[in-house]
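Work out the full structure, taking the sequences as your base and the hints as a guide.
Protein sequence lines, in the order shown, are assigned to chains A and B. FYI, the numbering for the first sequence is 1 to 681, going by the working numbering. FYI, the numbering for the second sequence is 1 to 178, going by the working numbering.
Please note: incorrect hints may appear among the correct ones.
Claimed, not checked - Pairs of lysine-lysine, DSSO-like flavour, derived with a Cα cap of 30 Å:
| no. | chain 1 | residue 1 | chain 2 | residue 2 |
| --- | --- | --- | --- | --- |
| 1 | A | K589 | A | K669 |
| 2 | B | K37 | A | K646 |
| 3 | B | K43 | A | K515 |
| 4 | B | K43 | A | K669 |
| 5 | A | K111 | A | K76 |
| 6 | A | K538 | A | K646 |
| 7 | A | K567 | B | K43 |
| 8 | B | K37 | A | K552 |
| 9 | A | K645 | B | K37 |
| 10 | B | K37 | A | K642 |
| 11 | A | K552 | A | K345 |
| 12 | B | K43 | A | K552 |
| 13 | A | K642 | A | K306 |
| 14 | A | K642 | B | K43 |
| 15 | A | K646 | B | K43 |
In case anyone wonders, no lab produced these hints; they're calculated from the structure. All figures in this text were calculated on a predicted structure; none of them were measured in a lab.
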Amino acid sequence: MDKFRNKFKEEATDNINDLEDALLLIENETENKELVERIFRAMHSLKGGGAMFGFSQLSEFTHNLENLYHLVREGKLKITRKLLDITLASVDHMKVLLTDEDFDNPEIKAKHVNLSLQITKLLDSETEEDGRTDLFDQKDSNKIKSYYIYFEPNQDVFNDGTNPLFLLDELNSLGDCKVFAHFNKIPEIEKIDVTKCYTYWEILLATEENVNSISDVFIFIEDQCELEIIEIVDYDITLNKKIIEEISKLAEERKDVGVIEIQKIVKKYSEKTDSSEKIEKIVSKSGSLPSVKENVISSIRVSSNKLDQLMNLVSELVTTQARLSLYAEQSGQPDLAAIAENVQKLSRQLRDNAFDIVLVPIETMLTRFQRLVRDLSKELNKSVVFTAEGAETELDKTIIESLTDPLLHILRNCIDHGIESAENRKKLNKPEQGKILLKAFYSGANVHIQIHDDGAGMNLEKIRAKAIQKEIINKDTILSKKETLDLVFLPGFSTVENVTGVSGRGVGMDVVKRKLAEIRGEVELDSELNVGTTLTIKLPLTLSIIDGLLVKIAHNHYLMPLSAVNKIYATDHSNVINKYNNLIILDGKQFPFYYLREEFDLSEGNQAIEQVIIVSYEDQQIGLVVDEVIGEYQAVLKSLGKMYKKQEIISGATILGDGTVALVLDTNKIISQFSQVKINL
Amino acid sequence: MAKETITVLNSYLSFSLGEEVFAANVGKVLNILEMTKITEVPKAPDYMKGVINLRGTVLPVVDTRIKFGMTPTEYTTNTCIVVMEVEMEGENIQVGALVDSVKAVLEIEDSEIKPPPSIGSKYKSEFINGMVKVDDKFIMLLDMEKVFSSDEIISLKEKTNESEEKVELKEPKKTTNK
Chain A
1 MDKFRNKFKE
11 EATDNINDLE
21 DALLLIENET
31 ENKELVERIF
41 RAMHSLKGGG
51 AMFGFSQLSE
61 FTHNLENLYH
71 LVREGKLKIT
81 RKLLDITLAS
91 VDHMKVLLTD
101 EDFDNPEIKA
111 KHVNLSLQIT
121 KLLDSETEED
131 GRTDLFDQKD
141 SNKIKSYYIY
151 FEPNQDVFND
161 GTNPLFLLDE
171 LNSLGDCKVF
181 AHFNKIPEIE
191 KIDVTKCYTY
201 WEILLATEEN
211 VNSISDVFIF
221 IEDQCELEII
231 EIVDYDITLN
241 KKIIEEISKL
251 AEERKDVGVI
261 EIQKIVKKYS
271 EKTDSSEKIE
281 KIVSKSGSLP
291 SVKENVISSI
301 RVSSNKLDQL
311 MNLVSELVTT
321 QARLSLYAEQ
331 SGQPDLAAIA
341 ENVQKLSRQL
351 RDNAFDIVLV
361 PIETMLTRFQ
371 RLVRDLSKEL
381 NKSVVFTAEG
391 AETELDKTII
401 ESLTDPLLHI
411 LRNCIDHGIE
421 SAENRKKLNK
431 PEQGKILLKA
441 FYSGANVHIQ
451 IHDDGAGMNL
461 EKIRAKAIQK
471 EIINKDTILS
481 KKETLDLVFL
491 PGFSTVENVT
501 GVSGRGVGMD
511 VVKRKLAEIR
521 GEVELDSELN
531 VGTTLTIKLP
541 LTLSIIDGLL
551 VKIAHNHYLM
561 PLSAVNKIYA
571 TDHSNVINKY
581 NNLIILDGKQ
591 FPFYYLREEF
601 DLSEGNQAIE
611 QVIIVSYEDQ
621 QIGLVVDEVI
631 GEYQAVLKSL
641 GKMYKKQEII
651 SGATILGDGT
661 VALVLDTNKI
671 ISQFSQVKIN
681 L
Chain B
1 MAKETITVLN
11 SYLSFSLGEE
21 VFAANVGKVL
31 NILEMTKITE
41 VPKAPDYMKG
51 VINLRGTVLP
61 VVDTRIKFGM
71 TPTEYTTNTC
81 IVVMEVEMEG
91 ENIQVGALVD
101 SVKAVLEIED
111 SEIKPPPSIG
121 SKYKSEFING
131 MVKVDDKFIM
141 LLDMEKVFSS
151 DEIISLKEKT
161 NESEEKVELK
171 EPKKTTNK
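Here it is, written out as structure tokens:
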């Protein structure tokens, strides 16, 4: 059962997200019927699923909401800001209900009651105005259903003190009820035993309750009567006078009408009424059904664990294939070489496919962003519109996961510090409504995400003053614009004097930068005072595979990210040994260099000719000296695990074709770490 | 479930480091590998010998001898890598332990286990769950979790402890004399 409940939770989370998404969209297009349908559908599945898996609070809560949107669907309730506010708050509450079913937290309970009240208030104000005049209006209300009940108590039912009429009364309290009593089983007067019950009933009941609650009415005499409860149609037929008339006529003529006869009558009348509404309903139904179907076919849910496993297997396959190719080449058998080549081709395709699977469009994060912008701008009394371009850009799901928090933080900054208040914007001749644009696009093997706001921009003087005050820089330090802006990424740097609830606590951009660095992302900042700020994030497409340059030092293989490598020079060993200034002249240019064999404390012994790999570090070119360059290598990156987390210069490991492990070097870290050591010395 | 039944097992894998025999609960042991090529990780602590390829995953290998303050392991035909699963900061991780040789699997009842010695031991008793006497020899039952999760500082301390011990042979007398 827990398994199903968890499954439901997963599904419910999806539904809630979908709901939130649709709600945010509908804010701008209040007339969009499709969106209303989508909202309604999401609520409906939440309600149904909730009830089925024992999330009764959630189910009940959603039910009320659904009622509201039912009215919206019928055009009786307009989408208003107030309605959306309540709904969005309710959506948040639903998320809580999913995890805290029993109201362990009294605050949640209070919220629950409060929200439910608001919803019913809205609901009441609408339903009062809504007189049920239209005969077929109720057709659309799919929560009211009509039931046929056949109830024939045993003749000696009175012996227990049961009065069948009370039961009928109770039925009546469930909804609109038409009772047809049948007296044809009453014997002649002299044969009547007054202690016995001869009457039986046929009842038409239109109610919101389900079959169970109807049969609950009869619970005490269940075994003392013949009882049949059958759902006829999903609307209230008691309101259709013609149907009722015909049935009661039949009931008088015959002993009992029976469900079949009733269904026939109902059918007859509903066919006759080809009201435009009905057609519309059919149209909307046929319009919405296929899309649901498409959803089912076009995607399936897979747990991320399984995906990780798939990725691991593919990585292993790629590694094994490298071995096979190596062996085939060595063996010199043409047949084997052909097979190896095929395997190589297939595994490459498989790899590309598998990597493709774990890519997720940025779109998935957008709902949260939109929500944040909406809520926050309201809270801060600013008018901000958030747009996104290139939302279809895909990234590895692990990157997406770690990207959301930093981006939320950046957006918070944009709204809090970036966008000015409406009055200030007016003074500056800017449109009152601020704009935040999120732009994502591919650039080579990277994805760039830009967040641009047309707000106040950053005041370079202020940043500088702050940096001097915090003794980060000297008064005389001359910094370029870029360098000045980069100061905001330092820990504990915030130029806003007041700490707001939103941002400005000094744990800001540095955390963003660090978080992004964890996923090999880089941040760049550009800002123009009073024009706006643009923040660019560069991310690798995937974390698990890199193009690298395979090199050898002593008996160990190392891999450097190809993107960092600029040039490779061969040089004589004598050029790199015993140099105090650690500079080497290549092509007439001077390069600082690090002799990795020495830096890595590897054993003595060296090649006569060594290779200098020039890598870029910040704005400089720095040489790393290795024994031998083997070539380009596409590597499946594997983590070294917890035990090596302190070895920052190694970003991971990969398994080579011959089964040995090669370490992947983080050239930036190597240079920054070694240069520090040198200074300390 | 399966794991629970394993951890309550009273079987211990014994292995030797130099002259001493240690044992670890088999519930922690996943695999025993022959010695293979270990890729060294530069700038890592001495006892972190490097990494190996364990069927596609990268497995860190610890030189248990260095960890216990002995001289580095010399590779012989008997040298083995014992792959264990230990909990570290709430996460289960796999780690390989380099040992001089693997001996046997012993059945040891809880009642046979004696508390670790508090005085006169070369090894920090916090790493030792208990001692047991087998064939007139004492075997130390190791708490592998603690052995691997302790970082370099503690093991360095042990190293210095041991080197101090050597020094102590000469020096303490001087100090007491003074």
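Each hint, compared with the structure:
no., hint, verdict
1, A:K589 - A:K669, "holds, 24 Å"
2, B:K37 - A:K646, "holds, 23 Å"
3, B:K43 - A:K515, "holds, 25 Å"
4, B:K43 - A:K669, "holds, 12 Å"
5, A:K111 - A:K76, "holds, 27 Å"
6, A:K538 - A:K646, "holds, 25 Å"
7, A:K567 - B:K43, "holds, 26 Å"
8, B:K37 - A:K552, "holds, 15 Å"
9, A:K645 - B:K37, "holds, 22 Å"
10, B:K37 - A:K642, "holds, 21 Å"
11, A:K552 - A:K345, "holds, 27 Å"
12, B:K43 - A:K552, "holds, 17 Å"
13, A:K642 - A:K306, "holds, 23 Å"
14, A:K642 - B:K43, "holds, 15 Å"
15, A:K646 - B:K43, "holds, 9 Å"
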